[in-house]
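Spelled out from the first residue to the last, the chains are:
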Amino acid sequence: MKRFRFLLAISLAGNLALVVLLARRPEIRARFFPPAPSANAIPSPAAPAAKEAAADPDAENWSALTAGDLPDLVARLRAGGIAPRFLRAIVGTLVREHFADRHRAIADALAAKPWWQGPLYYSISEDPKIAALRRQLTRDERTMMFQLLGPDVPSSTYEQLWAQSHYGALAPEKVEPLRQVNLDYDDLMAEVRAQAHGILLPEDREKLAYLEEQKRADIDKLLTPDELFDYNLRNGPTARRLRDQLAAFDPSEDEFRAIFKIHQEIEAPFADGRVQNLTQDERRARRDALASIGDRIAAVLPPDRLADYQLKTDPAYVQTDALVTQLALPPTATAQIVAVQKDATARVAALRGSQPLTRDQYNAQIAAISDEATAKLSAVLGPTGLAQYKQGSGAWLQNLRPIPAPPVAPKP
Amino acid sequence: MKTSTFFLAGSLVANAAFVAVFLAGSSARHASSTAAPVIAPATPAKPVASNDPAAGVDPEMWAHLQTDELPAMLERMRAEGFPNSVIRAIMAEQVRLQFAPRRHALTDSAKAPPYWSPATQDPKIAAQLREIMKEQDRATKDLLGPDPEDSFATTLRRHFPNWSDDKIAALQRIQTEFGEKRNEIAAAARDTRGTISPDEMNKINALQNEAHAAMAQLLSPQELEDYDLRLGNTANNLRAQLAGFDPSEQEFRALHALQQAFNDRFGPMYGPFSADDIRARGEAQRQLNDQIHAALGDQRYADYQRTTDYNYQVASRLVARLELPPETANQLYTMQKDFQERMTQAMRIPGDHQERSAQLGTMADEAETTLTTLLGPRGLEAYKQNGGQWVQSIRQMQASLARMPAAPPPRGN
Chain F
0 MKRFRFLLAI SLAGNLALVV LLARRPEIRA RFFPPAPSAN AIPSPAAPAA
50 KEAAADPDAE NWSALTAGDL PDLVARLRAG GIAPRFLRAI VGTLVREHFA
100 DRHRAIADAL AAKPWWQGPL YYSISEDPKI AALRRQLTRD ERTMMFQLLG
150 PDVPSSTYEQ LWAQSHYGAL APEKVEPLRQ VNLDYDDLMA EVRAQAHGIL
200 LPEDREKLAY LEEQKRADID KLLTPDELFD YNLRNGPTAR RLRDQLAAFD
250 PSEDEFRAIF KIHQEIEAPF ADGRVQNLTQ DERRARRDAL ASIGDRIAAV
300 LPPDRLADYQ LKTDPAYVQT DALVTQLALP PTATAQIVAV QKDATARVAA
350 LRGSQPLTRD QYNAQIAAIS DEATAKLSAV LGPTGLAQYK QGSGAWLQNL
400 RPIPAPPVAP KP
Chain D
0 MKTSTFFLAG SLVANAAFVA VFLAGSSARH ASSTAAPVIA PATPAKPVAS
50 NDPAAGVDPE MWAHLQTDEL PAMLERMRAE GFPNSVIRAI MAEQVRLQFA
100 PRRHALTDSA KAPPYWSPAT QDPKIAAQLR EIMKEQDRAT KDLLGPDPED
150 SFATTLRRHF PNWSDDKIAA LQRIQTEFGE KRNEIAAAAR DTRGTISPDE
200 MNKINALQNE AHAAMAQLLS PQELEDYDLR LGNTANNLRA QLAGFDPSEQ
250 EFRALHALQQ AFNDRFGPMY GPFSADDIRA RGEAQRQLND QIHAALGDQR
300 YADYQRTTDY NYQVASRLVA RLELPPETAN QLYTMQKDFQ ERMTQAMRIP
350 GDHQERSAQL GTMADEAETT LTTLLGPRGL EAYKQNGGQW VQSIRQMQAS
400 LARMPAAPPP RGN
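Protein chains in written order, with numbering that gives the first Met the number 0: chain F, 0 to 411; chain D, 0 to 412.
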């Protein structure tokens, strides 16, 4: 009896010691006593890792980290002192693996076409059903990443510079909701465009206009009027276009703000300058409205800057300037070339508006203008540059061709 | 007695079970690689029922794992059982982190471009950043080997399941080497001038030819042909171009051979073109069309011409969106050809510019009336912007002629 009690006591003590030991081996505990699945809506993404762990008897600590759902893993990694960039790298990989079946299904669908017919990725000819699956997958992955990690905080210098140039002095707590509003609506609008398959019908334009309106309303709720002006000044379609249009003019901040304000007022009725959402008639109306902008700009710029503005925002100047830069010519060459163009174009217009001329008279004068312009251009651009110019911004030289003789009726 | 025996037996079974569990863990631990695990204890003594998944995690866990000694860090993660995909993501990030000081040294001095100027970057800094990026990519590759999920390798395996891993790795190297050179030319051009010059485009084209020659050294003629047909530039362009033509394999092979011969001789060409260049190319294009006609036969060549016409392609999509019968696209195409022919004829007929202008005006009115019947007013407006630009062309020609000086008197000059 004593022997029995002794053995029982030893055995119970041994059990207790082993339980304590096991409790201090979390990796084993995790293997044999996995915690109950989390109630989080995000399903367990650890399947691929679990598969590797099962095949690899050394997968103790990874198994421990990945026990449960992805939010559990994120919590453990954060508690373990991981830097955000590594956390994002790990979670990004696991999220992609979580959706591996859907990636594979899309790849299989693309590969199902015979090789001589496809696949046609990311083109207008891509199967719309596959394109829709791809977009939905991207959205789902992005949503899961956001649910798990929250917003992606700019870490590199470039990301910080980008954020500074887009949001200026906007309070950080407003930046993320603003980014989210943009992301959500841009996503919806991209969907409308994708479904239109390159053909925007009136109902698509209505949908886009509605989404733009809702997006604007949501942004209005987030920002004060001053913040909104500043935001549009940096991010609106009018500002984006103006930045390029005014590049050669090189405006000061005050000049840019003044010119932007004028443009914004004129463009407000035209989808705030979102030209791609306008019908042909609306585009014409916008063009007409913008035609008178020169007078208003003249009122905000001093004469010397106005002259500079007029020269350097002329599309002919902008296009020619790109070629001058490409050919590494002196910057003054642009103005010289544009002056030749303006002079020749004005002379041709005067010729056409003058007294009726015979074809030979007209052709003789056109030839003189053409020869003079070509000689001046050649002096500035050189022969190779002139050849390139004729195929690009120098297309106006085509207007200096003589009028051909009309066809003569065959004699009966 | 019976109760004591029962308890003892139960306890001994429990002893055995706990020992087995403990030994299983120990043997797995001892059988692991020589690198000692550093994460433990990840979740020490955490109660099973705890609601906090991070309870008890060592706050220094990541610090124990991370080191600037990349091979050691790699080995530690392998020892801890991290899956390869996760190791690759972490190590790529670690390599990036090690190159970060060099990047920051270049970019810290950079100021945010003012919001009123287009975002541009100093070309010299851009070139140095590209060089750092290349070194970083090489360092990652040296550490981890080629990425098995690399899209080019995946594509090759899918198309050529019988090709060896060595062959695929060699093709990857060719692709990487020439891709780097090509990107360098394109990026330098963009950073300095914003555009790629014709001369640079020709250099890129020459690099592609070099890459192809290198592949020819590696593959048998049959393998090279298979590669060109499935993944070559000519084949890729042709597939996109023929999307609506629905070619058979035989037709695709025939068209590819003809197009490849044309491209080898002429294209792609980048200006400036001389008049002789343009003439020679135009003549070769006509010959190519004749050869395609001969290869496809009359009916299929007509299909080919129609389905590869840009306006037809756009009109087909419009017809589908308007939910009209598919043959409406054919009617639109025939109508377009008819009116364009009539416009050409009208320009050949002797007469005054003003008379011809009026003639074209009548023609445009007729076209719009017919199109309204076919598509409805809503469809007509959409068509004018999508494939029906020819209607606008008639109107533009009409307006242009109306502005021309009057024709000379019949006596001549």
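Be a bit skeptical, because a hint or two may be false.
Residues from chain D shown here face chain F by an in silico Cβ test under 8 Å; the list is partial [stated by the list, open to error]: (1) Pro52; (2) Gly80; (3) Pro82; (4) Ala104; (5) Thr106; (6) His158; (7) Phe159; (8) Pro160; (9) Trp162; (10) Ser163; (11) Ala186; (12) Asp190; (13) Glu248; (14) Arg316; (15) Tyr332; (16) Gln384.
In case anyone wonders, no lab produced these hints; they're calculated from the structure. Ideal Cβ placement from N, Cα and C applies to all residues, glycine included.
Take the shortest C-beta to C-beta distance between Asp190(D) and chain F; is it under 8 Å? violated (12 Å)
How about His158(D): closest beta carbon in chain F under 8 Å, or not? It holds, given that the least Cβ distance between His158(D) and chain F is near 7 Å, below 8 Å.
Verify the interface restraint on Thr106(D): the C-beta must sit less than 8 Å from at least one C-beta of chain F. This hint holds: Thr106(D) lies near chain F, its Cβ roughly 4 Å from the closest one there, short of 8 Å.
Report holds or violated for the interface hint on Pro160(D), using the least CB-CB distance to chain F and a cut-off of 8 Å. Violated, because the Cβ-Cβ distance from Pro160(D) to chain F comes to roughly 12 Å (cut-off 8 Å).
Given Glu248(D) as an interface hint, is the shortest Cβ-Cβ distance to chain F below 8 Å? holds (5 Å)
Holds or violated: the hint that Pro82(D) contacts chain F, with Cβ atoms closer than 8 Å. holds (4 Å)
Take the shortest C-beta to C-beta distance between Gly80(D) and chain F; is it under 8 Å? Nearest chain F Cβ about 3 Å off; hint holds.
Residue hint Gln384(D), partner chain F, criterion CB-CB below 8 Å: holds (6 Å)
Double-check Ala104(D) for me: the hint is only fine if its C-beta lies closer than 8 Å to a C-beta in chain F. violated (10 Å)
With a cut-off of 8 Å on the beta carbons, see whether Arg316(D) makes it to chain F. holds (5 Å)
Tell me if Phe159(D) is really an interface residue toward chain F, meaning its C-beta lies closer than 8 Å to one of theirs. violated (11 Å)
Verify the interface restraint on Ser163(D): the C-beta must sit less than 8 Å from at least one C-beta of chain F. violated (21 Å)
In the structure shown, a violation is registered for the earlier hints numbered 4, 7, 8, 9, 10, 11, 12 and 15, in ascending order.
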